[in-house]
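Number of protein chains: 2
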Amino acid sequence: MTDVVKKVPSLRRAVDPFASVAEELDLVEKNLTRSVRSSERTLTEISGYLIHGGGKRIRPMITILAFKVFGGKRVEDIVDIATAIELIHTATLLHDDIIDAAETRRGKESAYKKFGLKATLVTGDFLFIKAFEFAGKFDETVVQWTADACTRLTEGEILQGFFNRNTEVTVRDYLEIVKRKTASLFETGAKVGAYLAGASPSLVEEMGEYGLNLGIAFQVIDDVLDVVGHEELLGKPTGMDLRDGNPSLPIILALGEGEAAVSDAFECSHPTDEKIQEAIKAIGRGRAIHRAKTFSKSYAELASRPIKKLPPSFYRNGLKTLAHLVVERDF
Amino acid sequence: MTDVVKKVPSLRRAVDPFASVAEELDLVEKNLTRSVRSSERTLTEISGYLIHGGGKRIRPMITILAFKVFGGKRVEDIVDIATAIELIHTATLLHDDIIDAAETRRGKESAYKKFGLKATLVTGDFLFIKAFEFAGKFDETVVQWTADACTRLTEGEILQGFFNRNTEVTVRDYLEIVKRKTASLFETGAKVGAYLAGASPSLVEEMGEYGLNLGIAFQVIDDVLDVVGHEELLGKPTGMDLRDGNPSLPIILALGEGEAAVSDAFECSHPTDEKIQEAIKAIGRGRAIHRAKTFSKSYAELASRPIKKLPPSFYRNGLKTLAHLVVERDF
Chain X
1 MTDVVKKVPS LRRAVDPFAS VAEELDLVEK NLTRSVRSSE RTLTEISGYL
51 IHGGGKRIRP MITILAFKVF GGKRVEDIVD IATAIELIHT ATLLHDDIID
101 AAETRRGKES AYKKFGLKAT LVTGDFLFIK AFEFAGKFDE TVVQWTADAC
151 TRLTEGEILQ GFFNRNTEVT VRDYLEIVKR KTASLFETGA KVGAYLAGAS
201 PSLVEEMGEY GLNLGIAFQV IDDVLDVVGH EELLGKPTGM DLRDGNPSLP
251 IILALGEGEA AVSDAFECSH PTDEKIQEAI KAIGRGRAIH RAKTFSKSYA
301 ELASRPIKKL PPSFYRNGLK TLAHLVVERD F
Chain E
1 MTDVVKKVPS LRRAVDPFAS VAEELDLVEK NLTRSVRSSE RTLTEISGYL
51 IHGGGKRIRP MITILAFKVF GGKRVEDIVD IATAIELIHT ATLLHDDIID
101 AAETRRGKES AYKKFGLKAT LVTGDFLFIK AFEFAGKFDE TVVQWTADAC
151 TRLTEGEILQ GFFNRNTEVT VRDYLEIVKR KTASLFETGA KVGAYLAGAS
201 PSLVEEMGEY GLNLGIAFQV IDDVLDVVGH EELLGKPTGM DLRDGNPSLP
251 IILALGEGEA AVSDAFECSH PTDEKIQEAI KAIGRGRAIH RAKTFSKSYA
301 ELASRPIKKL PPSFYRNGLK TLAHLVVERD F
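Just so you know, the protein sequences line up as chains X and E, in that order. According to the numbering used here, the stretch in the first sequence is residues 1 to 331, in order. According to the numbering used here, the stretch in the second sequence is residues 1 to 331, in order.
Among the clues, some could well be false.
Copies of the same chain look alike in the list, so a pair counts if it fits in one copy or across any two.
Stated by the list, open to error - Below, a list of computed lysine-lysine pairs in the BS3-like style, where the Cα atoms sit at most 30 Å apart:
#, residue 1, residue 2
1, K293, K320
2, K137, K30
3, K108, K293
4, K114, K309
If you're looking for bench data, these hints aren't it; they were derived computationally from the structure.
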């Protein structure tokens, strides 16, 4: 961004669609920092390790944009629930790393690896609790939606466990997992934002659809990057889904193409690096990556549809750009 | 109980101090059963395994008694928060079993042993979420107190981890752990009950003190039973605190008496059964058990103090009896 653009807020908002919610995102950061303070240093340390570890804050951003696009004014009405949603996401990352016995996360040693199972598990609980402390300030509808999203998260986790290293998994199963495990928080953020701005029930539902479809598009690209991404940009090694036996979309599509190297690595409880590299090559040879990207794009387009109907604003631009960026991103 | 007593409610309430809250406890049971239903069978199965696994429901009981003793009328005002508190307790049991790699719980194989780490961890999260769904229906004060209790729980867990197999631990450290890890939910249940019944702030605080002191008395007896209890009554083997390196009061007191067998077992990362039996004998030889029981009694008496000032009622009897039973129990 040039200096001129930086200095003129209206230009800045036109160039950077997220500048329009920069103030609210700053407040979310402050909330996050404040909420991880505990009399127990370990809790603060592990929470901070993840919270200040380079998250994209995409969930708070959706929540705030959905609020502002419907004319939501008082920042204090939205910042706390956006914080809650990011805290829930962070809590699940900590617990996921335990479940996957992950070595790295966001380019660093995972908390699980660095601080051990016990402290990481308890810190995940701690962040869940902090999330509900923030969410509990809102009315019953918001609390219920947030709790429902969390319930779906746990259900998605169980469902994913069921299809772990299971070559019977279909694209339909995949969608069921992703809707719960990833898209539910996107959906809830968008719905809550619109609801708190006073949007009509049908518009609230439409924003929920935006979030849901965006979440699916987002997860598919995550899956694609796990095969074709760059370790330095991703902050974690590629091939993790194969290593962990998680049914990602490229894996499922390549299995459907009958790639033996993929089923070999995916079914194996401890695949060697060589096996994983073979499987990655096999996925790259076929059309799985291309098809997964097309799949992601179609969900991003689905997401954009209700947005187009809204009156033009910086916030509408933000929501549209988000749908675009989620598909085009390299990390 | 004789048939005559059973048939005459007023007699029944006089004989069984908890009969006066039987209706509310039944509703809590129904809530618990309903709340563990999930589209994912695993979540329902593991939740049910623990929820229907013989919990004493002491936390809901305190909450309901504290509500009724101050004239709380509408059962629907108290049952949901009593449910939330029991759900939080159950969630922490699941996560604790992972942390301690526990083999048994309430006379059965632990969920961790039976269902594995992943599913047990996620089910713990699921129950936390259900708890906050119930708690989120209440006003900000109740949500905040409940979240604070949960935060203290996690802090207690971390603090206990710090003193794991650490012979430097003092009775003062122990109290700090127990206040957070066990007594915080007792305290909050009692406070919330009184608050929701409309008791004055000073009475709400006094009830909080009741819960806190009762929780400490309760935990000390748990510790004592881990040394001198009967496996069949407890539903778990004795000597678990020595095996896990958890600083229980009898262990701390016996360490203070210079029992080498106790420090030997307590400091050892994998003590043999023989070592543990030696340590248990050593604790039994000294005055640790007697002193721990006296300690528990003094906290139960502290708990009873504010209760005596209340006008006589079946509920006051219940609260008094509870303080008595907590100390006298064999399981």
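Do the hints match the structure? See the list:
1. K293 with K320: Answer is within; shortest intra-copy Cα gap is 18 Å, inter-copy 66 Å.
2. K137 with K30: both (17 Å within a copy, 27 Å between copies)
3. K108 with K293: within (27 Å within a copy, 49 Å between copies)
4. K114 with K309: Classified as neither; 48 Å inside a copy, 52 Å across copies.
The structure does not agree with numbered hint 4 stated previously, though it agrees with all others.
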